[in-house]
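This is what each chain is made of:
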Amino acid sequence: MPGEKPGVFDRKIREALSDARLQQAIYTATGRLKESRLNVVSSGVLPDYQELRTQANRLKQHAIDNLDFYLEQFQRNVEARGGRVVFCQNGVAVADFVLALAKERGARLIVKSKSMTTEEIDLNERLEHHGLESVETDLGEYILQLAHERPYHIVAPALHKTRYDVADILSERLHVPRETVIEKQTAIARGVLRQKFLAADIGISGANFIVADSGAIVLVENEGNARLTTSAPKIHIAIAGIEKVIPRAQDLATFLKLLARSATGQLLSVYTSFLSGPRRPGEIDGPDEFYVLLLDNGRTRLLADREKRQTLYCIRCGACLNACPVYRKIGGHSFPWVYSGPIGAILTPQFREVPQEPSLPFASSLCGACAEVCPVKIDIPKILLELRSDAHRHDPPKSQNRWEKLAFRAFAWLMRHPRAYEMAGRMAGSLAAADDAAWISRVPALLNIGPLRAWLSQRDLPPPPPRSFRQLWRQR
Amino acid sequence: MTSVSRRVSLFVTCMVDQLFPKIGLAMAGVLEGLGFTVDFPEAQTCCGQPAFNSGYPDQARDVARHFLDVFESSEAVVVPSGSCTSMIVRHFADLFRQDVPQLARVESLAQRVWEFSGFLADVAGADDVGARLDDVVTFHDGCHALRELGIQTAPRRLLSHVRGLELREMEPAAECCGFGGTFSVKFAELSGAMAREKIDAIVRTGARAVVSLDPSCLMQIQGALSRAGLNIRTLHLAEVLASR
Numbered sequence: 001m002p003g004e005k006p007g008v009f010d011r012k013i014r015e016a017l018s019d020a021r022l023q024q025a026i027y028t029a030t031g032r033l034k035e036s037r038l039n040v041v042s043s044g045v046l047p048d049y050q051e052l053r054t055q056a057n058r059l060k061q062h063a064i065d066n067l068d069f070y071l072e073q074f075q076r077n078v079e080a081r082g083g084r085v086v087f088c089q090n091g092v093a094v095a096d097f098v099l100a101l102a103k104e105r106g107a108r109l110i111v112k113s114k115s116m117t118t119e120e121i122d123l124n125e126r127l128e129h130h131g132l133e134s135v136e137t138d139l140g141e142y143i144l145q146l147a148h149e150r151p152y153h154i155v156a157p158a159l160h161k162t163r164y165d166v167a168d169i170l171s172e173r174l175h176v177p178r179e180t181v182i183e184k185q186t187a188i189a190r191g192v193l194r195q196k197f198l199a200a201d202i203g204i205s206g207a208n209f210i211v212a213d214s215g216a217i218v219l220v221e222n223e224g225n226a227r228l229t230t231s232a233p234k235i236h237i238a239i240a241g242i243e244k245v246i247p248r249a250q251d252l253a254t255f256l257k258l259l260a261r262s263a264t265g266q267l268l269s270v271y272t273s274f275l276s277g278p279r280r281p282g283e284i285d286g287p288d289e290f291y292v293l294l295l296d297n298g299r300t301r302l303l304a305d306r307e308k309r310q311t312l313y314c315i316r317c318g319a320c321l322n323a324c325p326v327y328r329k330i331g332g333h334s335f336p337w338v339y340s341g342p343i344g345a346i347l348t349p350q351f352r353e354v355p356q357e358p359s360l361p362f363a364s365s366l367c368g369a370c371a372e373v374c375p376v377k378i379d380i381p382k383i384l385l386e387l388r389s390d391a392h393r394h395d396p397p398k399s400q401n402r403w404e405k406l407a408f409r410a411f412a413w414l415m416r417h418p419r420a421y422e423m424a425g426r427m428a429g430s431l432a433a434a435d436d437a438a439w440i441s442r443v444p445a446l447l448n449i450g451p452l453r454a455w456l457s458q459r460d461l462p463p464p465p466p467r468s469f470r471q472l473w474r475q476r
Numbered sequence: 001m002t003s004v005s006r007r008v009s010l011f012v013t014c015m016v017d018q019l020f021p022k023i024g025l026a027m028a029g030v031l032e033g034l035g036f037t038v039d040f041p042e043a044q045t046c047c048g049q050p051a052f053n054s055g056y057p058d059q060a061r062d063v064a065r066h067f068l069d070v071f072e073s074s075e076a077v078v079v080p081s082g083s084c085t086s087m088i089v090r091h092f093a094d095l096f097r098q099d100v101p102q103l104a105r106v107e108s109l110a111q112r113v114w115e116f117s118g119f120l121a122d123v124a125g126a127d128d129v130g131a132r133l134d135d136v137v138t139f140h141d142g143c144h145a146l147r148e149l150g151i152q153t154a155p156r157r158l159l160s161h162v163r164g165l166e167l168r169e170m171e172p173a174a175e176c177c178g179f180g181g182t183f184s185v186k187f188a189e190l191s192g193a194m195a196r197e198k199i200d201a202i203v204r205t206g207a208r209a210v211v212s213l214d215p216s217c218l219m220q221i222q223g224a225l226s227r228a229g230l231n232i233r234t235l236h237l238a239e240v241l242a243s244r
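Just so you know, the protein sequences line up as chains A and B, in that order. The numbering of the first sequence is this note's numbering, which starts it at 1 and goes up by one. The numbering of the second sequence is this note's numbering, which starts it at 1 and goes up by one.
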């Protein structure tokens, strides 16, 4: 637990909190996204918004409860159109597949469109390690790739970068004159990326949805780079978590209405692509080969838990990050893994076999702002509570938490024994016989540790009143 | 006034009992002023939320069982906290979902437990309780009252009928103050930063006092206001409505 020995998580939180420029950048960007969303889901604009959420929740529940059926249906339909579906247990399996294919086809250059799933398995690093060049083509992702950083936010990866930061990155990495006008920066990136698209051997995309009854993947984007990624190179590989499956194409009517609204406040993103297999005879564009790699990477483990399984409903809109007062303070890079914010706090401990940061589920005030905006109604606070309870079950016997555990046992005993509870209250009250602000100095040094010290590091504490409510009530 | 009895039990919460007894007395006074007979079951302690939110459901369940024993025969229970009310009416069911006999008790009692402003609006049907407070105030929505119980208009309507009082909404009113129970000490700096964000919003309104439904939010906000040297009072809604 945080407290005595500040770990990496605590250190990163402290750094983010003390960086005024960063605080401003996060607040402005998330504030804008928050407001845009609110404008398009308000009851005046979208009267059936709450019904859409309920519908999306039910569809996801149905799809996840019948995952095996829909994945097999998807596979059959893709392969009937000449594509191929490969089930991959983890990042190594994905990288092995791509590397083998690249070797067989003599491919060297890969263009990529934005995909959190590939971030999750460090795909670029794995491919580059074997001598392949893998280029991100989403503008934000490209900037971060040049800066050697991870996405800061699920949908706005370079949210923490100002245009001045971007100017530095582009001039340093691409050896071009420093340019602070955003349109001109875009043109610089576009100039480089066009050449990459034309020369690329393989295009790798993610998938926002995989549609079982159509054998299709759906890509949602604003820049058009995903279209180029999936149609210019001769080979298209889509990489998707198995939870992205939805039963029918008609279900997109629900999900597409919710996704762009929740993510960016758009009614629909600029491009929505529906891709089902390689180019067929007579078609003028499209890849010669089409592969869909379906990634597990810890997901099937979640299926075992009836309550926490709803974590898999997530459509990665990022709305919970923008709504979260914790994310808005500590930002994306404080989180231990690629997924940040409320959804990251519940995905990370469940996807990863070894918990990276045991205090992660505790880093929430349980305010519920995330659940309020979630388009598929994931009860994030409830899952955080389950994860907190799980964390205590797995505490090593000598952890610092044993004191906390003892304290809560004492608490539960005291609260079932009203007389003892009252006595304990009187003892505490006697420390503050007079109604003055200096009462805290009379608290015995032994008590002035841990939680009390942590509280006082940030705030004052009112002196306990001379009499409790129950004493005053008796005197009435 | 619906057809329920005019007898209510107070569950003042451990925090009000031990730290803010004035809030409990104010709440009792307002209810008596509306003609209710008020009792205080002496065996009451806590709803168990501190243990529940810290990941100790077994300990929370023990405390919840005690609560059920104490209030089983009450006709209506009124609570000066949205968060504790939500613990009882929403989360007790999570604690006992595998214990059918207890679950039946929980479901029956949950129908009769009310957050203070919700009780005034939905049961007592009171808008104007005859209060007077010459002050400019702002209102802080507690997260659980707002998002788990859906209480937003009732306290504002009650405030709008207080003579001499001007309500100035803060922006945003619904963002968390950063308390969060043990979160406030486990992640003290983060919690403190959230509190400072909140008091900035309060200060921007120019109000002289902050009103809320939750003593825990008020403790957090008061602590941060006091640390910042700001002379802005914190008041529970019951204290405002008890003012004459």
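I should point out that these hints are in silico values taken from the structure, not numbers from a laboratory. Treat the hints with caution; some may be incorrect.
Stated by the list, open to error - In silico contact screen, one side only, chain B against chain A (beta carbon under 10 Å); selected entries:
| hint | residue |
| --- | --- |
| 1 | CYS14 |
| 2 | ASP17 |
| 3 | PHE20 |
| 4 | GLU42 |
| 5 | ALA43 |
| 6 | PRO57 |
| 7 | PRO101 |
| 8 | GLN102 |
| 9 | ARG105 |
| 10 | CYS176 |
| 11 | GLY178 |
| 12 | GLY181 |
| 13 | THR182 |
| 14 | LYS186 |
| 15 | ALA195 |
To be verified - Covered stretches of chain B (in silico footprint by chain A; criterion: 3 or more residues with CB under 8 Å from a CB of chain A, positions within the stretch not fixed):
| hint | region |
| --- | --- |
| 16 | 108-115 |
| 17 | 139-153 |
| 18 | 215-226 |
Claimed, not checked - Interface residues of chain A toward chain B, partial, derived using beta-carbon atoms under 10 Å:
| hint | residue |
| --- | --- |
| 19 | LEU17 |
| 20 | LEU46 |
| 21 | SER231 |
| 22 | CYS367 |
| 23 | ARG388 |
| 24 | ARG453 |
| 25 | ALA454 |
For each residue, glycine too, the CB sits at the ideal point set by N, CA and C.
Evaluation of the provided hints:
At its closest, the beta carbon of CYS14/B sits 7 Å from a beta carbon of chain A; the interface hint therefore holds under the 10 Å criterion. Annotation: interface hint on ASP17/B holds; nearest CB of chain A at approximately 4 Å, less than 10 Å. Annotation: PHE20/B was flagged as interfacial toward chain A, and the flag holds, the nearest CB pair being 8 Å apart, inside 10 Å. With a cut of 10 Å, the hint placing GLU42/B at the interface with chain A holds, because the nearest CB-to-CB distance is about 7 Å.
For the restraint placing ALA43/B at the interface with chain A, the shortest Cβ-Cβ distance is roughly 5 Å, inside the 10 Å limit, so the hint holds. A least Cβ separation of about 5 Å between PRO57/B and chain A falls short of the 10 Å threshold, and the interface hint therefore holds. Checking PRO101/B against chain A by beta carbon gives a least distance of about 19 Å; that is not within 10 Å, so the hint is violated. For GLN102/B, the interface hint is violated, the least distance from its beta-carbon to any beta-carbon of chain A being 15 Å, above 10 Å.
Because the beta carbon of ARG105/B sits about 16 Å from the nearest beta carbon in chain A, more than 10 Å, this interface hint is broken. Given hint, CYS176/B at the interface with chain A, holds; its Cβ is 4 Å from that chain's nearest Cβ, closer than 10 Å. The beta carbon of GLY178/B comes within 6 Å of a beta carbon in chain A, closer than 10 Å, and the hint placing it at the interface holds. Contact between GLY181/B and chain A, as hinted, is supported at the beta carbon level, the nearest pair being about 8 Å apart and thus within 10 Å.
This hint holds: THR182/B has a C-beta 8 Å from the nearest C-beta of chain A, less than the 10 Å allowed. Below 10 Å, beta-carbon pairs count as interface contacts, and LYS186/B has one with chain A at about 6 Å; its hint therefore holds. At a threshold of 10 Å, the smallest CB-CB gap from ALA195/B to chain A is about 7 Å, leaving the interface hint in force. Counting residues of the region 108-115 of chain B whose C-beta sits closer than 8 Å to any C-beta of chain A gives 0, which falls short of three, so the coverage hint is violated.
With a threshold of 8 Å between beta carbons, the proposed coverage of the region 139-153 of chain B by chain A holds, since 4 of its residues qualify and at least three are required. Here the region 215-226 of chain B counts 6 residues with a CB under 8 Å from a CB of chain A, which clears the bar of 3, and the coverage holds. Given hint, LEU17/A at the interface with chain B, holds; its Cβ is 5 Å from that chain's nearest Cβ, closer than 10 Å. Restraint check, LEU46/A versus chain B: the minimum CB separation of about 20 Å is more than 10 Å; hint violated.
For SER231/A, the interface hint is violated, since its Cβ never comes within 10 Å of a Cβ in chain B; the closest pair sits about 44 Å apart. At a threshold of 10 Å, the smallest CB-CB gap from CYS367/A to chain B is about 4 Å, leaving the interface hint in force. With 10 Å as the threshold, the beta carbon of ARG388/A comes within range of chain B, its nearest partner Cβ sitting at about 3 Å, so the hint holds. For ARG453/A, the suggested interface contact is upheld, since its CB lies about 9 Å from the closest CB of chain B, less than 10 Å.
Among the interface hints, the one on ALA454/A holds; its C-beta lies about 4 Å from the nearest C-beta in chain B, closer than the 10 Å criterion.
In summary, the numbered hints that this structure violates are 7, 8, 9, 16, 20, 21.
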